[in-house]
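Place chain P on chain G using the hints.
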Amino acid sequence: MPASFRAGGGICQITLGFIALGLGSSVWGLRAAEVSFEKDVRPILKAHCTHCHGEEEKPEGGVDLRLRRFMDAPLESGGTLLVPGHAGRSELVQIIRRGEMPKKGKKMSEPELAVLEQWIAQGAKTTRPEPQQLPPGALISEEDRAYWAFQPVQRPALPEGGLSGGITPVDAFVGQKLKAAGLDFAPEADRRTLIRRVTLDLTGLLPAPKEVEEFVNDPAVDAYERLVERLLASKAYGERWSRHWLDVVGYADSNGYAEADSVRPQAWRYRDYVIRAFNDDKPWSEFIQEQLAGDELAGVTHATTQEAVLDPRRRDDLTATAFLRMAPDGTGDTVDDPKLAKNQVVAEQIKVATSSLLGLTVACAQCHDHRYDPITQADYYRLRAIFDPAYHWEAWRTPAQRLYSLYTAEERAKAAAIEEQAKAIEVDARAMGKKFLDEIFEVEVLKLPEADREPYRLARATVEKSRTPEQKALIKKYPSALALYSLNLYDLKKQGEVDAKMAEATKLRATKPAEGFLMALTEVKGQVPVSKLFNRGDHEQPKQAVQPGELGILSGATGESFKPVALTSGSSGRRLAYAQWLTSGRHPLVARVLVNRFWLNHMGRGIVNTPGDFGRQGELPSHPELLDWLADEFVQSGWKLKSLQRMMLLSRTYRQSSVSAPSLKQDPENRLYGRFKMQRMDAETLRDSVLAVTGALVQDSYGPPSEIGRDPAGRVVAGVDKGTITLFKVESGGKADFRRSIYLQVRRTRPVTVLETFDAPVMVPNCEMRSQTTVAPQSLLLMNDTFVLENSRRLADRLEAEAPGDAATQIRRAWLLLYGEPAPEGAVAEAQAYLQEQTQSLTQYHHDIQHAKGAPKPNPPQEALASLCQVLLSSNRFLYIE
Amino acid sequence: MHAGGFGLGSLALASLLQQDGLMAAPVKPATFGEATYDLLPKQPPHEAKAKAMISLFMMGGPSQMDLFDPKPMLTKYDGQKFPGEIKYDNLAQASSKVLGSPWKFQKHGQCGMELSELLPHLSKVVDDITLIRSMTSGVNNHAQALYAMNAGRTTAGRPALGSWLTYGLGSETQDLPAYMVLAHPGGLPTFQGEHYTNGWLPALFQGTVIRPTEPRILNLDPPPSLAGRPQERQLRLLRAFNEQHLSGHPGELDLQARIASYELAANMQTAAREALDISNEPASIKKLYGVDNPVTRDYATRCLIARRLVERGVRYVQVLNSGQSWDQHSALLSSLPKNCAACDQPSAALLLDLKQRGLLDTTVVHWGGEMGRLPVLQNDAGRDKWGRDHNTYGFSMWAAGGGLKRGYVHGETDEWSHKAVVDEVHHYDWHATLMHLFGLDHNKLTYQRNGVAASLTDGQGAKVVRELLA
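Heads up: the sequence lines are chains G and P, in that order.
Just so you know, we're using our numbering here: the first sequence kicks off at 1 and counts up by one.
Just so you know, we're using our numbering here: the second sequence kicks off at 1 and counts up by one.
Any given hint could be a false lead.
To be verified - Which stretches of chain P does chain G cover? Using the computed rule of at least three CB atoms under 8 Å from a CB of chain G, they are:
| id | segment |
| --- | --- |
| 1 | 243-250 |
| 2 | 264-277 |
| 3 | 296-303 |
| 4 | 367-374 |
Said to hold, decoys possible - Mimicking SDA-like on lysine to any residue, the simulated pairs with C-alpha atoms at most 20 Å apart in a straight line are:
| id | chain 1 | residue 1 | chain 2 | residue 2 |
| --- | --- | --- | --- | --- |
| 5 | P | K76 | P | K42 |
| 6 | P | K385 | P | A331 |
| 7 | P | K419 | G | E60 |
| 8 | G | K107 | P | K76 |
Derived from the structure by calculation, the hints contain no laboratory data.
Everything numeric in this text was worked out from a predicted model, so none of it was measured.
Glycine residues also receive a C-beta, built at the ideal position from the N, C-alpha and C atoms.
This is chain G alone, in the form it adopts within the complex (with noise of 0.2 Å):
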C-alpha cells in the first residue's frame, strides 16, 4: 500500500485516500461524531508526549500523560494542565501552541492539535472508565488491543450478491470494493495471456507452445480448472513456489556473518524438504510444526539424535528443524567477538521466525520496548526463552557440532572396515620404505672408513634426540651414507613403488560410502538455561529471568496460548508448545500472515502489503474482510495450500487482463485489483524460462547445489570455481550448471550476478519481500552478458535446427517459444528485414578482421538470427507477466 498509508502527520491525506478508493469500511469505523480519548486522542499523546511523560520511570516534571486522570494532578507551574471545556486555558494545549513541547521529534501536527482542542472542548471525557492501576512502562492500551491484527479471526459473511455467475468468494470481496469506488474487474485475460500468466506463476516456466495450443483449442468449460490441477501437480510446482518460502526464511548455502563465509554443506537437505512439502501439499500446520519443533516431534534431544536420522519420518522431522539453523551463523568461523556473533545468531534467528510466521517486527523490542506495537521488551525475552534451550548460547554448538551423519549401521561398519585394511595398507607401504632404505644403507656404509662403520650404524640405529655428540658429528660427517628418510633422492624407482602402495590405500578409502550430514535444531537433554532478559539488548548485562510464553498482546487477545510441558525424551517441550499453539487455528495472526503472502504471490500485491509487518508501522489490509476469510477457510481446509491456490487461481480476480484504462487510472497500484498487476518474471524464472527456451535447462531435482564462481570479467556465474586469490576463473561444471536457479549454491558473499541483478535478495537475514527494481545493469546484462548472449546463440541453433534456412519458419517459431503467441506477420518482416541487414554487417565485420588459426569458421546468417533471438530474450513481451 503507498506510503501515505504509512506516512506520519499527512493523517487527512491518509483519510482522503482512503475514501477515494472507497475502502471506509465498518472495521475501520470511520465515523466523525465525538472525539474519544481512547482512540483519538490517546494516540496523539502517544506518538509526541507519553515517551516522556509517562512510560520511563519517572515522568518529565511529574506529568503523567497515559490516563486522563492523571491530568488532574497539578502542575509543577502552578499551572492548569487541563481545563475541560476550555482549551484555550488548558497548559496542555498552550504548551505545544508555543512550540515548547514536544521538546523532540515531530512537532504536533495542526491537524492533531485540532483533535486535541476538540476533545478539551467538549469536555475532556473518556468513553469508559480507567483502570485504577497501571504497571511501570509502556501502556498496552484497550486501543491497542482493539487493533486489527490482533483480533481473532473472524470468518465474515460473504458480501451481499452472492455467488452467481461464476463469481467466487474472493471476487464476491474484491468486487464489492471494486464497485464501492466506481471500478468494475478489468475483462477475462485471453487463454494465451492466462496460460503463459499461470504457468510461470505456479512453476516459474513458459508453458511449450503444445500446452499453450492445447489449451488455446480446449473447448471444454473446465479446461482452465484441469490446467491449474494439472501445474498444482507438476514437481515444477515445488521447485518454484517453496522458492518463496526459502525467501522468508533467509535460505542460504553458507554461514554469513564472518568474513569468510564459509559454507554450509549440508543445508540443502533443507531445501529438499521445503520443495517436497510443497509438492505433497503438506498442511502448513504440520509444516510449521515440524520446522519449529521437529526434534520434540521425533521424541529426541542431541543424543538420541544420531539414531533417529536414521528413520525415514523421525528424519523429515529433523531435516525441517533446519528453519531454526538458517540465519547467518559466524561461529564457526573467525569473529571478533565470539560471544557477540553467538548472540547475534539467536537474534537473527528469532527475527527470521517472528517476521515469517507473525508478521510482527519483534526483533525491534530485543533491546527496548517496541516504538509503535505493543510488544515489551520482557515480551521479546519471553518469546526467546521458547527458543533458548535449544541454542543455549553460553553451552554453544558451533555449525560442525549441529550435524549428525546419515550412515546406516551398515554403512559405518563397511567404511570402518576399509579404514581399517586401508590403515594395513599404509602399514606395509611403510615397512617396504624403510625396507628399502635399509638395504640403500647397507651398500652406503660400506663406503665409510672401516673403523667408523660401528659407530655410525650405532648412530644411525639410535634415535635422533638420544644421539651423543660424538654420534651427531659422525653422521653431520657422512650425510649421505645415513639413508633414514628420503627414499626419493637415492632411488626414484623405489620411491614409486611405495608412492604405488600408498596409493592403493587412498583409493580404497574412496570406495568407502559416502557420509551424508543433518544439520538440525536439538536440545541437550536435560539442559535448560535460565532466560534472561539482557539489558539493551547486550547479552554481557544480563537482568532479571524470564519465563518462556507468548507475546502479552497475542495471548491477551484471546485469553489464551501456550504451556509448555516438558518431554519424556528430556526436551523442554517449549517449541511444540508454542508451534502448536501457532497452529491452532485460534492465533490471530499465523493464518493471516501466511494466506497475505500467498496472495501477494499470486497477485503481485499483499493484502497487506508489508508482508512482514502486520503491525502499526506496517500498512493496513486493503480488504480486511477478505483477509479473515482466507485465513479462516485455510485453517477450516486443513491448511492446505494447493485448495486455497485453487480459490485465488480459479477467481475472476486473478483471471482478468492487465489492461484496464481505469483501474490504471485511478488506482495504478492495483490496491483494488481492478485488474492484474503486470509483473516483470522474478530473477529466477527469468533464468529458468532462458535456458528452457534454448533447450538447455537440466531439470534434475534435489540434491547437493550446482556450485558457482566467479569468471574473469567478476561475474558470479554457474561452473567451477578455479580462481586463486589474483585470478578470476571458472570452468564448466557440466550439466549442473544448467539446473533450475532453486539448485544453485546460494552463497550469501557471492550473489549470482544474472540473478542478483534482478532483485534476488541476498540473505541478511531473510527477505520478507522481494523489490522489482528497472536499472540500466539490468539492460547492460541482457546486451552484454555471457549468459544471454551464450543462450541467444543456442536459441538460435535450436531454431535452425528445427527449421534450417527458413527464417519466416524460424520467425515464427521463436514467437511461439517465447511469447507463447502466433507472429504478426509485420513483426516477421520487421524481423526478416533485421536478418540481412545484419548477415551483412556480420560478414563485413568477419571480413575485416583477422580470425585467429583455428577458429571457427564464422556463420554471419546464425549469428545475426542469434542476435534477433537477444532481442526477443530481452523484449518487455517476455520479461512481463501479463
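For chain P alone, kept in the frame of chain G given last:
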C-alpha cells in the same frame, strides 16, 4: 503514523472537508496513468545555487562529541555520575557515567571552528563548510532515523532524497544514471535498498548501485561482433517491438522505464567506463584523495569517482559505508579513529578538488549519518569496550557548497551535547533547505498518489533554514 488510527483520520478529514466546503461534493479523482516521465534536465521554478549533490552517508550515527561538538563539561565530569537530566532511550537500562571525549579539540581556520583531532584533514578546510551541531532526526532507532534523514519521514518505503531530486530536476547527462550509489566493499549499509529506493515514485528515479570493486559496472562491453552499429540496429529493433508492446499497455510506467533504461545502458557502455576510470587522474589528485594509501584507498577512490560523476552531469551521488559501522555501542576508542582514518582525507580532498574546479559552488557535499551519540558511557566493561548509545535529540553533520555558508557553525546542543537547544534543525528542515538550494520548493515538488499530493517533507511543517544560506 498508524498511532493516529482511523478515528483521528476521520476527524481530521471532517474538519478539512468542512473547511473546503467539500463535504457533499465527490472527491476529485486522481489523475494517473497518462503521465510519462523522463530524465531530461528540468528548469527549477526558482533560482538554483546547487545543481548536484554528493552525499557521504555515515550509517550508524557518528559520535558528535568526539568529532564535531566539543564539550568541556564532559571532560570535567568524565567518569562521574551524570549530574543533569538525561533523555535516555530507556531510563532503567542506561549507564549514567559521563564519558568525556578522549580526543582533543582545537580551533581551525579563519572561522575558528573547533574540531576533533580525529579529523585533521577536515580541519584544514573548515572555512569551506557549514557545520550543523543541532540536528535532530526523530525516532531513536536506526531504521526510522535513516528513513528520516534519507527519505524525509520516519516511515519505510518512501522515495529517497536522490529520487526526489532526479524526479524534480532530471539529469544533466543522458549517458549515466541520474542517481548513482557507490557501495562499500564490505557490503551495503543496513536497510540496504531503503537507502536508494524510489519508493512510490516511478522506477525511472531509482538509484543505480555501482559495484564497490572493479569491474564497478558489469557488462559494459558489447560482444566484438556486435559492437557499434550492429548493436545499435539490435536496440532499434528492440525498441520497435517494445513500443508495439507498450501500445497494448498504455500508461504502464514500468514498461516505459525499461525502454528508457536501454537507451541509457547503450550510452553507458562508453560513458560509464570513462567516468569510473580514475587511472588517468594525475598523481597529485590521487595523492590528494589518498588513493595511494591502503587505509584511505577505497574511500578515496569512491570520492574521486563521485567527483567525476558530478562533473559529467550526474545529479545525485551517494557514497555509502557498510553495515552501520558508525554505531559505536562498544569499542569506541578503537573503531572511531579507524572509521575517521578511512574517510577524513578523502572527504576533505573532495571539497578541495571540487573547489579548485569551480564545482563546489554548484555541488552540495554532505557528510553525516542518521543520528549521533549520548554523552554517557555504554558498555562499562573495560576501556576497550566502552561505547556510546544512540542520540537523535542532538547531533552534528557538515555540508558544503551549492549555496551554503562557509566557515559557519549552526546551532548548539546543551552543555553535554545531548539535546539540540539552540537553532534546532529537524531532518525535514534540512531537506527543505536542500530543496531550496536546488531552486525547488519542498512543498510544491509533489507526486500525485491516491488522490493526494505527496512530497519529501510531507506535512511536517518543514522550514528552510535561512541562516544556512550563503
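Against the structure, the hints:
Chain G is given as covering the segment 243-250 of chain P, and this holds because 6 residues of the stretch bring a CB closer than 8 Å to a CB of that chain, at least three being needed. Counting residues of the segment 264-277 of chain P whose CB falls under 8 Å from any CB of chain G gives 5; the rule of at least 3 is met. Given a C-beta distance limit of less than 8 Å, the hint that chain G covers the segment 296-303 of chain P is violated, as 0 residues qualify and 3 are needed. Given a C-beta distance limit of less than 8 Å, the hint that chain G covers the segment 367-374 of chain P is violated, as 0 residues qualify and 3 are needed.
Using a Cα cut-off of 20 Å, the hinted pair K76/P and K42/P is violated, with the two alpha carbons roughly 54 Å apart. The straight-line distance between the Cα atoms of K385/P and A331/P is roughly 4 Å, inside the 20 Å bound, and the hint therefore holds. This hinted pair checks out: K419/P and E60/G have alpha carbons roughly 15 Å apart, not beyond 20 Å. Among the hinted pairs, K107/G with K76/P is inconsistent with the structure: their alpha-carbon atoms are about 34 Å apart, more than 20 Å.
When the structure is compared with the earlier hints, violations turn up for hints 3, 4, 5, 8 and for no others.
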